[in-house]
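*Asks:* Those protein sequence lines, which keep their order, are chains A and B. Oh and the first sequence: position 295 is 295 in this note's numbering, straight run, nothing missing. Oh and the second sequence: position 281 is 281 in this note's numbering, straight run, nothing missing.
I should point out that these hints are in silico values taken from the structure, not numbers from a laboratory. Where hints are given, some of them may not hold.
Stated by the list, open to error - Pairs of lysine to aspartate or glutamate residues, derived as EDC-like cross-links and limited to a Cα-Cα distance of at most 16 Å, are as follows: (1) B:Lys158 - A:Asp325; (2) B:Lys309 - A:Glu181; (3) B:Lys309 - A:Glu407; (4) A:Lys438 - B:Glu27; (5) A:Lys161 - B:Asp578; (6) B:Lys58 - B:Glu27; (7) B:Lys75 - B:Glu91.
Said to hold, decoys possible - Some chain A residues judged to face chain B by a derived CB distance under 7 Å, without partners named: (8) Ser39; (9) Asp55; (10) Ser159; (11) Lys161; (12) Gln329; (13) Arg376; (14) His379; (15) Ser400; (16) Phe404.
Said to hold, decoys possible - Here are the simulated distance ranges between beta carbons: (17) A:Lys90 - B:Ile441: 58 to 66 Å; (18) B:Ser150 - A:Glu411: 25 to 33 Å; (19) B:Val173 - A:Arg188: 41 to 49 Å; (20) A:Pro280 - B:Ile4: 35 to 43 Å; (21) B:Lys309 - A:Leu22: 40 to 48 Å; (22) A:Ser445 - B:Val378: 34 to 42 Å; (23) A:Ser91 - B:Tyr389: 56 to 64 Å; (24) B:Leu189 - A:Asp192: 52 to 60 Å; (25) B:Met1 - A:Arg188: 25 to 33 Å; (26) A:Arg387 - B:Ser576: 55 to 63 Å; (27) A:Ser445 - B:Leu3: 17 to 25 Å.
C-beta: ideal position from N, C-alpha, C; glycine also.
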Amino acid sequence: MHIAIIGNGISGITTARWIRKLSGHRVTVISSETTHFFSRTALMYIYMGHMRYEDTKPYEDWFWEKNKIDLIQDHVTSINFDEKKLILNKSELSYDKLVLALGSKSNKFGWPGQDLDAVRGLYSYQDLEQMEKYTPGLKRAVIVGGGLIGIEMAEMFHSRKIPVTMLVREDSYWDNILPAEESAMVTRHIKDHHIDLRLKSNLKEIHDNGSGAAGGVTIAETGDKIDCGFVGLTPGVSPNVNFLKEGPLNIERGIVVNKYLETNIPDVYAIGDCAQNSEPVPGRRGIEAVWYTGRMMGETVANTICGEKTAYDPGIWFNSAKFIDIEYQVYGDVRNQLAEDQNTLYWEHAGGQRSVRINYMKNGGAVTGFNLMGIRYRHEVCEKWIRDQTTIESVLVNLSLANFDPEFYKEYESDIIELYNRQENKQLKLKSKRSLDKVLRFLASSKA
Amino acid sequence: MTLIQKIGIILFIIALGIFTLSLGLSEYKLTEESLEVDSDYHKTELIQLAKEQGILNKTYNSNIEFVSTFKNLLKDAQASLNAKAEAGIPEGVQEWNYKIGDWKVNDSDEYIFPNVKAASTGLLPNNSGLFFWLTIGLGILGGLLFILPSFNLIPGIKNDGIYHSSMTRGLKVNPRAFALGATIIGVLLYGVFKMNGDVFWPLLTALVIGLIYYLVFYKQGQKELTPAKSASPIHTGWLGVITGIYLIVFYILLYWVPEYLTNWVLLVDPISRSLSGNPASKWFLYGFLYCLVVAVMGIRMIAKYRHNKYQIVRTISVIFFQTCIAFLLPEILMRLNMPYYDFKNIWPLNYTFFFDYNINNLIASGGIGIFMLVWGIVLTIVGVPVITYFFGKRWYCSWVCGCGGLAETLGDPYRQLSDKSLSAWRFERWIIHGVLVFAVIMTIMVLYTYFTGSRNILFLSSDSIRGWYGFLIGAGFAGVVGTGFYPLMGNRTWCRFGCPLAAYLGLVQKYKSRFRITTNGGQCISCGNCSTYCEMGIDVRAYAQRGQDIVRSSCVGCGVCSAVCPRGVLRLENASLDIVQRTTQIRTNHIAEMSDTFIPIQ
Ligand SMILES: Cc1cc2nc3c(=O)[nH]c(=O)nc-3n(C[C@H](O)[C@H](O)[C@H](O)COP(=O)(O)OP(=O)(O)OC[C@H]3O[C@@H](n4cnc5c(N)ncnc54)[C@H](O)[C@@H]3O)c2cc1C
Ligand code: SF4
Ligand code: SF4
Numbered sequence: 001m002h003i004a005i006i007g008n009g010i011s012g013i014t015t016a017r018w019i020r021k022l023s024g025h026r027v028t029v030i031s032s033e034t035t036h037f038f039s040r041t042a043l044m045y046i047y048m049g050h051m052r053y054e055d056t057k058p059y060e061d062w063f064w065e066k067n068k069i070d071l072i073q074d075h076v077t078s079i080n081f082d083e084k085k086l087i088l089n090k091s092e093l094s095y096d097k098l099v100l101a102l103g104s105k106s107n108k109f110g111w112p113g114q115d116l117d118a119v120r121g122l123y124s125y126q127d128l129e130q131m132e133k134y135t136p137g138l139k140r141a142v143i144v145g146g147g148l149i150g151i152e153m154a155e156m157f158h159s160r161k162i163p164v165t166m167l168v169r170e171d172s173y174w175d176n177i178l179p180a181e182e183s184a185m186v187t188r189h190i191k192d193h194h195i196d197l198r199l200k201s202n203l204k205e206i207h208d209n210g211s212g213a214a215g216g217v218t219i220a221e222t223g224d225k226i227d228c229g230f231v232g233l234t235p236g237v238s239p240n241v242n243f244l245k246e247g248p249l250n251i252e253r254g255i256v257v258n259k260y261l262e263t264n265i266p267d268v269y270a271i272g273d274c275a276q277n278s279e280p281v282p283g284r285r286g287i288e289a290v291w292y293t294g295r296m297m298g299e300t301v302a303n304t305i306c307g308e309k310t311a312y313d314p315g316i317w318f319n320s321a322k323f324i325d326i327e328y329q330v331y332g333d334v335r336n337q338l339a340e341d342q343n344t345l346y347w348e349h350a351g352g353q354r355s356v357r358i359n360y361m362k363n364g365g366a367v368t369g370f371n372l373m374g375i376r377y378r379h380e381v382c383e384k385w386i387r388d389q390t391t392i393e394s395v396l397v398n399l400s401l402a403n404f405d406p407e408f409y410k411e412y413e414s415d416i417i418e419l420y421n422r423q424e425n426k427q428l429k430l431k432s433k434r435s436l437d438k439v440l441r442f443l444a445s446s447k448a
Numbered sequence: 001m002t003l004i005q006k007i008g009i010i011l012f013i014i015a016l017g018i019f020t021l022s023l024g025l026s027e028y029k030l031t032e033e034s035l036e037v038d039s040d041y042h043k044t045e046l047i048q049l050a051k052e053q054g055i056l057n058k059t060y061n062s063n064i065e066f067v068s069t070f071k072n073l074l075k076d077a078q079a080s081l082n083a084k085a086e087a088g089i090p091e092g093v094q095e096w097n098y099k100i101g102d103w104k105v106n107d108s109d110e111y112i113f114p115n116v117k118a119a120s121t122g123l124l125p126n127n128s129g130l131f132f133w134l135t136i137g138l139g140i141l142g143g144l145l146f147i148l149p150s151f152n153l154i155p156g157i158k159n160d161g162i163y164h165s166s167m168t169r170g171l172k173v174n175p176r177a178f179a180l181g182a183t184i185i186g187v188l189l190y191g192v193f194k195m196n197g198d199v200f201w202p203l204l205t206a207l208v209i210g211l212i213y214y215l216v217f218y219k220q221g222q223k224e225l226t227p228a229k230s231a232s233p234i235h236t237g238w239l240g241v242i243t244g245i246y247l248i249v250f251y252i253l254l255y256w257v258p259e260y261l262t263n264w265v266l267l268v269d270p271i272s273r274s275l276s277g278n279p280a281s282k283w284f285l286y287g288f289l290y291c292l293v294v295a296v297m298g299i300r301m302i303a304k305y306r307h308n309k310y311q312i313v314r315t316i317s318v319i320f321f322q323t324c325i326a327f328l329l330p331e332i333l334m335r336l337n338m339p340y341y342d343f344k345n346i347w348p349l350n351y352t353f354f355f356d357y358n359i360n361n362l363i364a365s366g367g368i369g370i371f372m373l374v375w376g377i378v379l380t381i382v383g384v385p386v387i388t389y390f391f392g393k394r395w396y397c398s399w400v401c402g403c404g405g406l407a408e409t410l411g412d413p414y415r416q417l418s419d420k421s422l423s424a425w426r427f428e429r430w431i432i433h434g435v436l437v438f439a440v441i442m443t444i445m446v447l448y449t450y451f452t453g454s455r456n457i458l459f460l461s462s463d464s465i466r467g468w469y470g471f472l473i474g475a476g477f478a479g480v481v482g483t484g485f486y487p488l489m490g491n492r493t494w495c496r497f498g499c500p501l502a503a504y505l506g507l508v509q510k511y512k513s514r515f516r517i518t519t520n521g522g523q524c525i526s527c528g529n530c531s532t533y534c535e536m537g538i539d540v541r542a543y544a545q546r547g548q549d550i551v552r553s554s555c556v557g558c559g560v561c562s563a564v565c566p567r568g569v570l571r572l573e574n575a576s577l578d579i580v581q582r583t584t585q586i587r588t589n590h591i592a593e594m595s596d597t598f599i600p601i602q
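Taking the hints into account, I'd like the entire structure generated from these sequences.
*Replies:* Have a look at this one:
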C-alpha cells in the first residue's frame with residue numbers, strides 16, 4: 001500500500017513515523033516548504049540567533065532514508081480523488097491512502113497595502129527569510145495583531161534592537177483568551193521591554209514607501225501614522241485549504257473530519273491545523289492549531305491506517321507559551337471570563353511576574369483548570385486532578401505534587417494555601433514538600 | 001551594549017595586549033647567584049663553562065636567545081661531566097649527583113624553567129607589581145565592567161545573537177576537522193620527541209584512533225548515517241577561532257616549554273610567596289589564573305542566569321571548590337609543611353594519585369598524609385558510587401570539579417557548539433571508555449611496580465606508560481584540546497570525550513542512580529533549545545518530544561536544558577521509582593492513558 005502525506009509538519013511527519021513503526025507500507029511525504037521536517041515553533045529562535053535552522057530539525061537528515069520514508073519537495077497543485085492521484089508541479093503521484101496535513105496560513109483581512117513587499121505574516125520558513133531580508137537598516141517594525149505569534153515577532157525584532165510598535169485590537173494583551181489579571185501582567189511585561197504597545201488600535205492601511213514596499217501604517221482609531229520598514233501581520237491563522245475548496249472534499253473552515261480523522265472521501269484523512277473535527281470531545285474545539293494536537297492526530301491516524309481503527313482523543317486541554325520572559329502553562333479549560341458555576345483562586349507574586357490560578361466548581365469544589373504564569377506545573381498531576389474531579393481543598397494540600405520548577409526555586413504552595421485560607425476562612429495546611437517519589441506514587445494510584 | 005560595557009571590553013583588550021607583550025619585557029643575565037641547580041658539581045661545571053663561553057654575566061635581550069643559549073650550556077655541561085665521570089667519580093658521591101641526568105636536560109621544569117626565571121632582570125621583573133595591575137588587574141576590571149551592567153537587564157534567558165556573533169558561532173565542519181586532525185597529529189609527533197624517540201606509544205595511539213574511526217564509520221554502519229548533522233554555522237566565527245588558537249598556544253607553552261612564560265610567573269611570584277612561602281611555579285600561575293577566570297566568568301554566569309536559582313547555587317559552588325579547595329587549601333597546606341593535596345581531585349581524573357612519589361610523599365608525611373591517602377581511596381571506591389547513586393554525576397561534574405568549573409564559567413558562551421549527531425555520540429562512547437581503560441591499566445602497572453619493584457610487565461615499562469598517559473591524556477587531551485577547543489567544539493570536549501572519572505561516574509549514573517531528567521507530559525514543542533544548549537551534545541529533544549525521562553551517562557546535570565526550555569518541559573530530579581519504565585515508554589499520544597499498547601522505538 002502506498003500512503004501519500006501532504007505536509008511535512010509535525011502532523012504529517014508523526015503520521016509517517018508511526019506508519020513506519022507499525023508497518024512496512026510505502027510512505028511518501030510531500031511538502032513545498034523545506035526538504036526536511038523542522039520545528040515551526042522554533043522559527044523565532046533562528047532569527048534571534050539562539051539556534052541555526054539546522055538545530056530546529058528534530059531528526060538528522062539520514063533518518064528519512066534509513067527509515068524508508070520518501071521525501072518529495074514539490075507543491076501539490078490539485079488532487080484527483082477519483083483516480084487517487086496527486087498533481088504536483090513537476091510530476092504526478094498515485095496513492096492508495098492520502099493524509100492531508102496542510103497546516104495553516106496567516107490571516108489577512110483585506111487591509112489596503114497588505115500585499116506590499118515587507119508585509120509578512122510569520123508562519124513559514126520563507127516568511128522568516130523575508131524578515132531577515134528586510135532587517136538590515138530597519139528603523140522600526142509594526143506588528144498587527146496581538147496573539148502568540150505577534151508577541152513572538154515583537155520579541156524577535158526586539159532582540160535585534162529594532163524598535164517595535166504592536167497594534168492590538170483588544171483592551172489588554174490577549175484578553176480574549178487570558179483572564180484579566182494574567183493579561184495585565186503580560187501587558188506590563190511587554191511595556192517593561194520598551195515595546196510600543198498600542199491597545200484598542202486597529203490597522204487602517206499600510207502605506208507604500210514609493211517602491212512597492214511598506215513605508216508606514218495608519219491606525220484606524222487615532223489616525224496616527226507610524227513610519228516603519230516592515231509590517232508583521234499576525235492576526236491569527238486559518239486552515240491552509242484554498243486549493244481544495246472547489247473539489248469534492250467537505251470543507252467548512254477546515255477539512256471536516258469525524259473522530260477517526262476521516263474526511264467525506266474514503267481513504268482520505270485530514271490532520272493537524274487544517275482539520276476541523278466535526279465531533280470534538282467535550283471541552284475541546286473543532287480546530288485546534290497547536291503543536292501537540294498535530295502530533296496526537298498523526299499518531300492516531302497512523303494507527304487507523306495500519307488497521308487499528310483509533311478515535312482521536314486529545315484528553316483534557318493543555319497548552320503553553322512564553323511571553324518574552326514569562327512562561328505560561330494552562331491545564332484544563334480556563335477562559336478569560338469565569339463561568340457562572342465556577343470560582344477562581346488567583347494568587348500573584350508580589351513581583352508581578354508569577355501567578356497561579358485554579359478554577360473550581362462552586363458546587364462540590366471539583367477543580368477545572370490551572371493557569372500558570374512564571375511557574376511550572378506538572379502536566380500529568382494537573383490532568384489527573386481535573387479528570388478525577390478532585391476538590392480544590394484536596395488539591396491545595398497536595399499542591400506540591402504539581403510543582404515542576406527547577407530545584408532550589410522558591411516554592412509558593414504555602415502562600416497559595418494561605419490566600420485560600422484567608423479568603424475562605426479555612427485552616428488548610430500543605431501536606432508535604434515536593435518529591436518525585438510521591439508524584440510517581442500518586443500517578444500510579446490513578447490506575448487502580 | 002552600554003557605554004560601560006564598551007569601556008570594559010576596551011580595557012580588557014588592552015590588558016590582554018599588555019599581558020601578551022609582557023612576555024618579551026625582560027632581560028636575562030646568568031650570574032653565579034642566579035644559577036639554581038641541586039648539586040654543587042653541576043653548579044661548578046655550569047659556571048666554569050659559562051665563563052669560558054662568555055655567557056656568565058652577559059645580558060640577553062631576547063628570551064628565545066637566552067633559552068637556547070642556556071639549553072646548549074646545559075648540554076655541554078652534561079657532556080663534559082659525563083666525560084669526567086669516565087675518569088672516575090669522586091669517592092662517596094652518587095652518580096646522579098655528579099652527572100646531569102637526561103631528564104634534567106630535557107624536562108623544562110627541572111633546570112631550564114627555574115633558571116630562565118631566576119636570570120630575568122630589567123623592566124618587568126623590577127616592576128612586577130605595576131605590571132601585575134596593568135595586566136591581570138586591568139583585565140579583571142575590564143571583565144567586571146563588561147559583566148556587571150547585565151545585572152540591570154530584565155531577568156530571563158539571554159541567548160540573543162549567539163549564532164550571529166563571530167566569537168561564539170563556531171567553525172564550519174571542514175576547518176574544524178582540519179583543526180582537530182592537525183592537533184592530533186601534532187600532539188602525536190611531539191609525543192615521539194617527548195618520549196625520547198620511542199615511537200611505540202605514539203604509534204599505538206594512532207592505531208587506536210584508527211580503530212575507533214573504523215568502528216564508528218564502518219563497523220557500526222556509520223555509512224547509513226550520512227550525511228551527518230552539520231554542526232557548522234553559515235560563516236566561520238573567526239574571533240572564536242583566534243581565541244581558540246590563543247588558548248591552544250597557551251596550553252602548549254605551559255605544559256611543554258614553560259621557559260617562555262617566565263615573565264607571567266614572575267607577575268604572581270609575590271602572591272605565591274605570601275601564600276605558601278615558595279616562589280611561584282608555572283602551576284601556581286596556572287592555578288591562579290584559573291581561579292580568577294572561574295570567579296569572573298562565574299559572575300557572568302550568575303548574571304546571565306540570575307532568575308534561575310539552580311544555576312546560581314551551582315556556580316557559587318564551583319567557584320568555591322576551585323578557589324578554596326583546589327587552590328588556596330593546598331597552598332596553605334604547603335605553608336604548614338604538609339603535603340600539597342587537592343581534596344576534591346579524585347582518581348582517575350587525578351591520575352598521579354597512585355604514582356610512587358605521591359604515595360611515598362603522603363606516607364612520609366605522617367598522620368595527615370595517611371588521612372589524605374585514605375580519603376582519596378575512599379572517595380574513589382565509596383564516595384563516587386554512593387553520592388552518584390543519590391544525586392547523579394552532577395554532584396561532581398557541575399558542582400565540584402575544576403575542569404567542570406572552567407567549562408561552566410569560561411566555557412558557557414560555547415556550550416552550543418557541542419556536536420549533537422548520533423555519530424558524535426558513538427565516538428564519545430568509544431573514546432571516553434577507552435581512556436578509562438587506559439587509566440586503569442596504567443594505574444595497575446604503576447602499582448605493580450610500586451609493590452614489586454619491577455619496572456617491566458611483559459615487555460611494557462610502567463614508567464613509559466605513565467609518561468605517555470601524562471603527556472597524551474593529562475596534557476594533550478585535558479588541556480590543549482579540552483580547553484583550547486572551547487570555541488571550536490564546545491566547552492565540554494574533555495568532559496564528554498576524555499575524562500576517565502566522567503566515564504566512571506557515567507557508568508554509575510546510567511546503571512544505578514536515582515538521577516533523571518523528567519519531561520512534562522505532552523508540553524514539548526520540539527523546538528530544540530534543550531539540545532542546542534546541552535554542552536554534552538545530548539539530543540535532549542529526542543527524549544522530551546516522546547515524553548520519556550532522560551538517563552544518559554554523559555549528562556552532567558548542568559540544568560541548562562531545563563533553563564532554556566521555553567515550555568517548562570524538563571526538570572532535574574532524583575527518585576528511583578519507575579525509572580526504567582519512564583525512560584522507555586512513549587507518553588505523547590494521550591499522556592493520561594499511559595496505555596500498555598506503547599511500541600518502543602529504536
Ligand atoms: C511562529 C509560530 C510559533 C508557534 N508556536 C507554537 C507553540 O509554541 N505551541 C504550539 O502548540 N503551537 C505553536 N505554533 C503552531 C504550530 O506550529 C502548528 O500548529 C503546527 O506546526 C501545525 O502543524 P501541521 O503539521 O498541521 O502543519 P504545518 O507545520 O503547517 O505543515 C504543513 C506543511 O504542508 C505544506 N503544504 C501545504 N500545502 C501544500 C501543498 N499543496 N503542496 C505541498 N506542500 C504543502 C506546507 O508548506 C507546510 O510545510 C506556532 C506556529 C508558528 C507559525
Ligand atoms: S524540551 Fe523544551 S527546549 Fe527541548 S525541544 Fe521540547 S520544548 Fe524545546
Ligand atoms: S542533558 Fe541537560 S542537564 Fe544534562 S548535560 Fe545536557 S543540558 Fe546539562
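*Asks:* For every hint, state whether the structure bears it out.
*Replies:* For each hint, the structure was consulted:
As the CA atoms of lysine 158 of chain B and aspartate 325 of chain A are separated by approximately 10 Å, the hinted pair is consistent with the 16 Å bound. Between lysine 309 of chain B and glutamate 181 of chain A the CA atoms are separated by roughly 26 Å; this puts the pair beyond 16 Å, and the hint is violated. Only pairs whose Cα atoms come within 16 Å are accepted, and lysine 309 of chain B paired with glutamate 407 of chain A is accepted, the gap being roughly 8 Å. Distance check on the hinted pair: lysine 438 of chain A and glutamate 27 of chain B sit about 70 Å apart at the alpha-carbon level, beyond 16 Å; violated.
Proximity of lysine 161 of chain A to aspartate 578 of chain B is assessed by CA-CA distance (about 47 Å); at most 16 Å being required, the pair is judged violated. At most 16 Å may separate the alpha-carbon atoms for a hinted pair to count; lysine 58 of chain B and glutamate 27 of chain B meet this at roughly 10 Å. Distance check on the hinted pair: lysine 75 of chain B and glutamate 91 of chain B sit about 25 Å apart at the alpha-carbon level, beyond 16 Å; violated. Against a cut-off of 7 Å between C-beta atoms, the interface hint on serine 39 of chain A holds, since the closest Cβ of chain B lies about 5 Å away.
With a cut of 7 Å, the hint placing aspartate 55 of chain A at the interface with chain B holds, because the nearest CB-to-CB distance is about 5 Å. With a least beta-carbon distance of about 4 Å to chain B, the hint placing serine 159 of chain A at the interface is held under the 7 Å criterion. Given hint, lysine 161 of chain A at the interface with chain B, is violated; its Cβ is 9 Å from that chain's nearest Cβ, farther than 7 Å. For glutamine 329 of chain A, the interface hint holds, the least distance from its beta-carbon to any beta-carbon of chain B being 6 Å, beneath 7 Å.
Annotation: arginine 376 of chain A was flagged as interfacial toward chain B, and the flag holds, the nearest CB pair being 4 Å apart, inside 7 Å. Annotation: histidine 379 of chain A was flagged as interfacial toward chain B, and the flag holds, the nearest CB pair being 3 Å apart, inside 7 Å. For the restraint placing serine 400 of chain A at the interface with chain B, the shortest Cβ-Cβ distance is roughly 13 Å, beyond the 7 Å limit, so the hint is violated. Of the supplied interface hints, the one on phenylalanine 404 of chain A holds, with its beta-carbon coming within about 5 Å of a beta-carbon of chain B, less than 7 Å.
As the Cβ distance of lysine 90 of chain A to isoleucine 441 of chain B is approximately 60 Å, the hint placing it in 58 to 66 Å holds. Between serine 150 of chain B and glutamate 411 of chain A the Cβ separation comes to about 27 Å, which falls inside the hinted range of 25 to 33 Å. Here the CB-CB span from valine 173 of chain B to arginine 188 of chain A is close to 45 Å, well matched to the stated 41 to 49 Å. Between proline 280 of chain A and isoleucine 4 of chain B, the C-beta spacing of about 56 Å breaks the proposed range 35 to 43 Å.
The hint said 40 to 48 Å for the Cβ distance between lysine 309 of chain B and leucine 22 of chain A, and at roughly 44 Å that hint holds. Hint check: serine 445 of chain A to valine 378 of chain B, Cβ distance near 41 Å, so the stated range 34 to 42 Å holds. With their beta carbons about 58 Å apart, serine 91 of chain A and tyrosine 389 of chain B fall inside the hinted range of 56 to 64 Å. Range check, leucine 189 of chain B to aspartate 192 of chain A: Cβ separation about 58 Å, and the 52 to 60 Å hint holds.
Range check, methionine 1 of chain B to arginine 188 of chain A: Cβ separation about 26 Å, and the 25 to 33 Å hint holds. Here the CB-CB span from arginine 387 of chain A to serine 576 of chain B is close to 27 Å, at odds with the stated 55 to 63 Å. Distance hint for serine 445 of chain A and leucine 3 of chain B: a CB-CB separation of about 60 Å, inconsistent with the stated range 17 to 25 Å.
Violated hints, listed in ascending order, are 2, 4, 5, 7, 11, 15, 20, 26 and 27; each of the other numbered hints is respected by the structure.
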